[in-house]
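Just need the whole structure built from these sequences, with the hints factored in.
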Amino acid sequence: MTERDANLCSHCLLPVGLRAMQRTVNGEDCSFCCYGCCIAFQVKHGQNEEWDAAWLLIRLGVGAFLTMNIMLISLLLYAGTFSADPWLIPWIHLLLWIFATPALVILGEPYLRETWAQATQGRVTSSALVVIGVGAAYAYSVFATIEQSDQVYFDTATMVLMLFTIGSYIEAAGRAKAARDLEPLLAAESESATVVEGGTETTRPVRDIAAGVLVRVRPGERVPIDGVVVEGESHTDEAVITGESRQIPKRAGSPVIAGSISLDGALLIKSSGAGSATRWAKICRSVREALSHRSAIQRVADNVVGVSVPFVVLLGVLTVAYWSQSMAFDRAMLIGLAVLVVACPCAVGLAAPLATSLGIGRLAHCGCLVRDSHTLEVLAGTRVLAFDKTGTLTSGTPRVVGIESDGVPTDELLARCAGLERHSEHALARAITLAASTRGLEPVVTHDVRALPGRGITGKADGQPIAAGNNVLMRELGWQLAPSLSEPARSLEASGHTVIYLGWEGRVRALLALDDTPLDEARWVIEELKRLGPHVALLSGDLAPAAQRAATAVGIEDLQAGLSPEAKRAALDRFRQEYGVVAMVGDGLNDAPVLADADVGIAVGSATDLARETSSLVLPHGGLWMLPWIITVARKVRSTILTNLAWAFGYNLIALALAVAGVLQPVLAAAIMASSSLLLVVNSLRLSRLPNPIPGAILEPPPSAEPDSVRLGVAVMAGPAIERG
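Just so we're aligned, residue 8 is where the sequence shown starts under my numbering, counting upward by one.
Be a bit skeptical, because a hint or two may be false.
Simulated DEER-style distance windows between Cβ atoms [stated by the list, open to error]:
1. D157 with E121: 18 to 26 angstroms
2. G388 with F150: 52 to 60 angstroms
3. E534 with V479: 39 to 47 angstroms
4. G68 with Y329: 34 to 42 angstroms
5. S682 with L649: 39 to 47 angstroms
It should be emphasised that the hints constitute simulated quantities derived from the structure, not laboratory data.
Think of the CB as a built atom: it goes at the ideal place given N, C-alpha and C, for glycine as much as any other residue.
What follows is the structure, encoded as structure tokens:
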């Protein structure tokens, strides 16, 4: 929204003045000159929850005017103001009838429409209780007016509807707030992009954008596609995807992600993929799908409500029959009406959906994809967290973790080996060249390089043959291993390390140990998970020595190594029988069936597409550290739902007992129900104030338990290489 737009009312386009009302509608910041324009704009332009809340507020305003007039006239009747002129009373009753009829139509239409729609499907819902109760009071009052009886209850019928509408508005306002929080995440499917082609700009739907297309993003606009900046400078806010509200500088060559906002500059971006394949779009689809399913707890609550409604109607009839034996029928009818009103389980329908949507939105704002609402409930009750090793707790790429030499300086070893390995595309070769470049070493110039698949690589440096590979290659070349290296070689290979033998001038001069090192945050994550209570295990397909080193480094005691995918699934079954609910965290292709078999499958950000599709929860790239926070959020959501349901059912049961006993009047019963909805909304909205995950809480990498010559971590990458002469 431009500065000029901010000075004008978004509805009537008049100047907003110094006290403008600021509201977010459909994900956009809007300014209004008055509350009337705000409501009118939401009715005209709002979507779903915002539209519902705005219409309810309008109904509430008109209904309140009619109901207050009815209440004022009724109070005069109750006070005996017209007792001196009894001929006026029938006309007063007729006036009340005239006011009450439009009030019932305006306030009661949603309940009547829902009741009719459900009745045509052979179901009875809580709205039927409102319709039956209010309808009975209104019908009795109409009959009494025609018969010129002394008592009418138009005030009761309209005030009950008024209070229920207040409760409905409170619920709708709570849902609208949750929808506003989710709107930036759900806008991906309807977003458009300004495409630049041949010097002209056109607007296209994001879903039609392909890779390689140039897109213009102006200051204040949301980036619609993933890509790379080719022109311009700006700062972006990526909070909608990462959850971190900080300004990130962007210039030519900087990557940008869809969903972020360009704050202070125009950018020309080259898309890196299809507009429908961005993480923003995936989060959008995931959130929509998750919100479309009702949680297991809510389904149980709905079933209880469906069964209880007929019993409540029967209880209301029995209550009227009982009290009519000792008092006038109209008084007994009011007691029965109070039973129907106070038993209306309106708050039960709000207990789980609002809390679930807020929880899913909270995770989605930090880049976590939740497949369905059931995931949070199950994750909250998880008793076992099983991890895959490679790519999950470890980096997934080999690194140089140790060097053994026969008296040759480490820098010379790395420079010679890097000069040979830079001619190879093998992952081990890249690890060695990266280790050398990290130390600022210039690779030794090597000629006549020849790759020997499965054995290694050979060449010539300084006119002398040089080779790097396994012990098979060294035996083929006839190069002898120095006695001082024999024992370290056996130890390293027995422990599961990948060992590169390096030699020149007819002799093996050094051993380079490579391994997949644990992530820096892995140990902190495991410690936090243990503090939260679940049993933590490592299920790895790697060899036992390598898996044991990783387990020791991250602090996992329960280790099972050398497992096939089928063996991992069998291990999950054993955990399930012993502990209960099991979650599996993995990333690879062979993890897909295991993730699908777990009660909750959690895929890390680097996971394969298959692993992502079979998992219930997908963490953002590099987001393993979020796992303890995610479990905490899931538990908060579940506890909020259970608290809401306990309050809703308990509140109803106590109030129902008081109503049957004749203690509650219908108006008071309706007020109790409205306050119940308010308490549930306030309790659920506390979830929107949950703190963000804090990356800074991650501890420093743990000290190694390995000897200096074989150290897990980034020793060679971060500082001097490990050497032993």
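So which hints don't hold here, by number, going up? The structure conflicts with hints 1 and 5, although it agrees with all the remaining ones.
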